[in-house]
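Turn these sequences into a full structure, and let the hints guide you.
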Amino acid sequence: MSIWLNIFYPPPPSAFVAAMSVISLASLAYSGLSEVRGRHLQYSKFWNTGRPSDDARRACISSRAGMLLLYTPALASAAASFGVLAGERSLLLGLALLLHFFKRDFEVCTISSLIDCFRSYVLFIHQYSGNMMLDAAISIFLSYFLSTVCMIYAQYLTQGVPEPMVDLKYVGVVLFLVGIVGNFYHHYLLSKLREKGDKRYKIPKGGLFRLVICPHYLFEIIGFIGVSLISQTVYAFSFATGIVFYLMGRSNATRRWYLSKFQDFPKEVKALIPYIY
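In this text, residue positions in the sequence shown follow full-length UniProt numbering: the first is 1, and each later residue adds one.
Be aware that one or more of the hints could be misleading.
[What the hints assert, rightly or not] The calculated lysine-lysine pairs, modelled on DSSO-like cross-linking and capped at a C-alpha distance of 27 angstroms, are:
(1) K205 with K192
(2) K169 with K261
(3) K205 with K270
(4) K202 with K270
(5) K261 with K205
(6) K205 with K103
(7) K192 with K267
(8) K103 with K192
(9) K261 with K202
(10) K192 with K261
(11) K192 with K202
(12) K169 with K267
(13) K169 with K103
(14) K270 with K192
(15) K267 with K202
By construction, these hints were calculated from the structure, which means they are not laboratory data.
Rendered as structure tokens:
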């Protein structure tokens, strides 16, 4: 317990934050286990993995619209945090959350790259080929939005509380920057797999794709660990731990999907952690 209190702020006197810490960790861990068991959140390549009769009765939206629904409310709440947070640590947390969700929206819907600006059409970081189940979009949107609000609120409750003895916020900043840059780079590599109008999936190449099939998830985990170290609150740590469990399950399912779709998929490529998992 003394080691814990040296690293994290004491749990806040808030039943809501305490409950959300448990709920976030448990729900994300359960989602990761569900992915391993084949019960997927239906977006990306898993958007139509349910039974056809079930899918026909369920509402769906385009992947791009769904992704914007996922990230934009969380982006707005991160931007609003600058009106309530004060102090270096709190502002670094707000900035990290803002950059994370701005990058997500940027990848979904923006602009031509500098490399290809001479072309006459608009390029997107993500190239979408399908739809997203509306109920899956809503559940993920609520997770991102509520977690962002809770992280900001938990940080707000630390104002006036003595700092942890071990200050990890600058380590967190470094990890967050490594995570966001690595995640963006591997999303960019994924986007270049398809020509304009091409909807076929291909085996990713380049970067850490030669070692793991989901390096973008690996860097997302690194980024969220960075956020938790910037914050050093119990809630941020709980959420980051839940993200680790969920993305471990999602990457496991993704590797199995590639193995089932491509006979030439290299068996030595792991799911998430090079040479290990």
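Verification of the hints:
With a CA separation close to 10 angstroms, the supplied pair K205 and K192 stays within the 27 angstroms bound. Distance restraint check for K169 and K261: the Cα-Cα separation of roughly 42 angstroms exceeds the 27 angstroms cut-off, and the hinted pair is therefore not satisfied. Distance hint between K205 and K270 is fulfilled; the C-alpha atoms sit about 14 angstroms from each other, no more than 27 angstroms. For the proposed pair K202 and K270, the alpha carbon gap of about 17 angstroms is at most 27 angstroms, so the pair holds.
With a C-alpha separation of about 16 angstroms, the suggested pair K261 and K205 falls inside the 27 angstroms cut-off, and the hint holds. Restraint check for K205 and K103: the C-alpha separation of about 22 angstroms stays at or below 27 angstroms, so the hint holds. The hinted pair formed by K192 and K267 meets the criterion: a straight-line CA distance of about 23 angstroms does not exceed 27 angstroms. Restraint check for K103 and K192: satisfied, since their Cα atoms lie roughly 18 angstroms apart, inside the 27 angstroms limit.
For the suggested pair K261 and K202, the alpha carbons sit about 9 angstroms apart, so the restraint of at most 27 angstroms is met. Distance hint between K192 and K261 is fulfilled; the C-alpha atoms sit about 20 angstroms from each other, no more than 27 angstroms. A C-alpha spacing of about 10 angstroms is found between K192 and K202, which places the hinted pair at or below 27 angstroms, so the restraint holds. Between K169 and K267 the CA atoms are separated by roughly 39 angstroms; this puts the pair beyond 27 angstroms, and the hint is violated.
Taken as a hint, the K169 and K103 pair is honoured in the structure, with Cα atoms around 21 angstroms apart against an allowance of 27 angstroms. Distance restraint check for K270 and K192: the Cα-Cα separation of roughly 22 angstroms lies within the 27 angstroms cut-off, and the hinted pair is therefore satisfied. Taken as a hint, the K267 and K202 pair is honoured in the structure, with Cα atoms around 15 angstroms apart against an allowance of 27 angstroms.
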